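*Asks:* Now for the letters of each chain:
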Amino acid sequence: MKIITLPKENLTEFIGYLHAFGEIHAPTKRGDKSVVFAPVSDLSEIELNYTRTILPLKKYFFKPVDVMFNFYADKGYEAPTEEADKKYVIFGVHPCDIHGLKILDLVSNGRYVDTYYFAGRNKAAIIGLDCIPDDLCFCRSIGTDFVDAGFDLFLSDIDNSYLVRVGTSLGDDMVKAADTLFHEVNKEDREAYKRKSIERRKSFRTEIQLQDLPEIIDLEYENEVWHEVGEKCLSCGTCSMVCPTCYCYAVFDELNLDASSGQRKRRWDSCLFKDYALVAGGHNFRAERSSRVKNRFFHKQRGFVTQYGRPSCVGCGRCKAYCPAGIDIVEIVNKLRSQTRV
Amino acid sequence: MSKHENCSDCQNPYTPHPARIIRILPQIPDHQLFQIHIRFEDQGKVFTYRPGQFVMLSVIGVGEAPFSISSSPTHEGIIELCVRRIGHVTDALFRLPPKAMVGIRGPYGNGFPVEKLEGNNLLLVAGGLGMAPLRSLLWYTLDNRSKFKDVILMYGAKNPGDMLFKYELLSLLDRTDVKCLLTIDKKDESAIWKAHVGVVTTLFDFVDIDPNDTYAAVCGPEVMFKFVLDELLKRNFAKDRILMSLERNMHCGVGKCGHCMIGYKYTCLDGPIFTYWDAINLPEMV
Amino acid sequence: MSKPKVGIYGLTGCAGDQLVILNCEDELLNIVGALDIKSFSMAVSESDDDCLLDIVFVEGTVVQPRDEEMLQNLRERAKLLIAIGTCAVWGGLPAMKNEFSQEEIKKKVYGPAGDIFKTTAPQPLSSFVKVDLSISGCPIEKEQLLQAVASLLHGDLPRLPGYAVCTECKMSEYTCLLVEKGQLCLGPITVAGCKARCPGYGQPCIGCRGPVEEANVSSEIEVLKEKGFTWVDIQNRLRTFVASIDPLQIESV
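Chains C, Z and U supply the protein sequences, listed in that same order. All letters in the first sequence, in the order written, are residues 1 to 342 by our numbering. All letters in the second sequence, in the order written, are residues 343 to 628 by our numbering. All letters in the third sequence, in the order written, are residues 629 to 881 by our numbering.
Some clues are possibly wrong.
To be verified - Computed footprint of chain U on chain C; a stretch qualifies when at least three of its residues, placed anywhere within it, have a C-beta under 8 Å from a C-beta of chain U:
hint : region
1    : 153 to 163
2    : 231 to 238
3    : 253 to 263
I should point out that these hints are in silico values taken from the structure, not numbers from a laboratory. Every value quoted in this text rests on a predicted model; they were computed, and no experiment measured them. For glycine and all other residues, C-beta sits at the position ideal for the given N, C-alpha and C.
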């Protein structure tokens, strides 16, 4: 992989060059504490030292509410007029969120391809940025604290410069467009990177023991902890909305006042909603809140592993950070494990 | 940008094909058989499917829902859906005038593993609306009769008035290439009913089955399934020779929306036909 | 197809939901064109208050015998009865007085003038008649009303979202007032449809749309207590719009 450096004082200028590659979106402040990905025009608006945004990148490619097609009683179904070929550069994406996108790529692909997702995904360049974890981050135990693919460029902070890994041909074009801003990697940079890497590793404080977790979950399928969590869960949907890998959606038709035309839309759904597994006629396969909580966890940490060989959790900590009831996946795992040991 | 290289070639799997309701055949109260013709832009294209597969049907302005196909792929040109009026989509479907346009996507799901079933005896056990998906398999085997050994159908309904495809099935009673056993739970004094009376499991007394070269396909309400299963296991059927069709909430039919997930299987992709062995290895299923 | 005959009526209430109908400025001509409006006293001077109706929209709460009579009459006249607004769906603000003695409170508000009329404990419409569809909100959301009218014209009942305000709040990526700012927000147990308007303006959800199905009120109370709110604060907020959620019954948590 091509690796170069970008002195920090050149970042402003580099961002200027990126405009040629699409509309730049980056982490920006919302309110006092929150950070969200939003359009920016220059570096001054970018929050480089953020921990996590409220929503992950899925909001760009798998929108909270999206039009699937228009329908007409006489003409049938028609694709909506496509947005002009607008390109995006998403700057400052942390490794966990890049892994989140890789998981969404996986599930949107397969025998049937989610064309809506890839229509946006194929138009976005991803520029990654490394991060310093807080107590809620457990990406290191999931193996998502580092990425070696899934980005066009990836910037790692090495004090006075960024070490820049070039992941794609498009990333290389970006570097070439601002050629004079970048330098070759020298010995000092290499040492700085290795030193920072150790520092960063030491800063992870929260761990989750992933190995054999699927088996533990099978064993503890009837564990009391599911009822405890079910009692606390508000079914408010927050965890699913903020999760980088929650991809469930509900489909609904919205009718115009002429009562003969309208739009089919889809919106983010959550398996914690009461009607999620409800079928026509009234039978609900997961009527109990505890069964819904268990199912969400089971799918991410057990089912997905069987299906794709890895959990569909990237350790970003959003679910704990935003759950009003403070439900904590790490705590659930610890409870399941300690009870297995007894 | 790695992502998906050939997206421009990809078909949007969510857009329905225009289709027309050719004929509506009332069955029993609140159940109708819809004969549907699907129009493709490519005139030569025909809608091919396997018994046990399903389609997503859209009623314009109301929404979309999954329906198992009741016709056999051996009868080309149209598909038949046996629908119970039970939710908002079916309610709207029942209000449509004849010849109305609907939208169809599919076929989806695995369907019955017909190649695997060939060369074996087939025991079809249905209860209530469970006859809808099994009818497809029934006619498929009868139209490919030489490929199968004995074909037995057991179908139970509450009373003669609740029996789907009643006249069609009654006409099978005289055939020698299929053993058709029909039963009703309770005989109504006034009704003329010459077939069996009693729950569907009582029909097992009338057949002699070798479980080693027989596949059983079971479809019906949960209670019935439980008793039929006991009966089959008692007769030493292997768990992977018992096939069942599962129902779940579905919004996409193509393994994306998540609703039909059971543990780690999508009912819409990995099912709706599961062996009993598959099913007992899924959480939430026993 | 003939236009459906429609009546729009208000029981005791502020008429804010009827005002939402009038505020559908861009769509108003289409609505009037598609419906045969027989009675809408807020907007139309002529009205037929005896004819049979296909659809009746009813706003407000039953707080006096007169309201109940009117409601029963509307139910008899209409094929579909649609409750609009949180008052009609849940009892709304008027039902706040249910925990006091009706006579005492009347005396306090009206003095001796109160003797000339009767009041009863405010109740939602569903306590008296079959309600075919509930569109809650204080006031109702224009989009939900238009969706409902479109579906009704098509012959269906609309399916309105049953999830919580939190879901829409997160979709809009608003700062969480409950978790990040520690405010008394009822977003987790209040039914969505408002696109989390209040949190979008930095104001916590006060539950004006009524609770979600199977609202986990005890967990919400637990969360709010941990944030340091007193039982009185929590109780007052919970009871503002929905008297039927009786926090007293779960005080022990």
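*Asks:* Hints first: check each against the structure and report whether it holds.
*Replies:* These are the hints, each one checked on the structure:
1. 153 to 163: That given contact is violated, which follows from only 0 residues of the region 153 to 163 of chain C lying within Cβ reach (below 8 Å) of chain U.
2. 231 to 238: holds (count 8)
3. 253 to 263: holds (count 8)
Of the hints listed earlier, the one the structure fails to meet is number 1.
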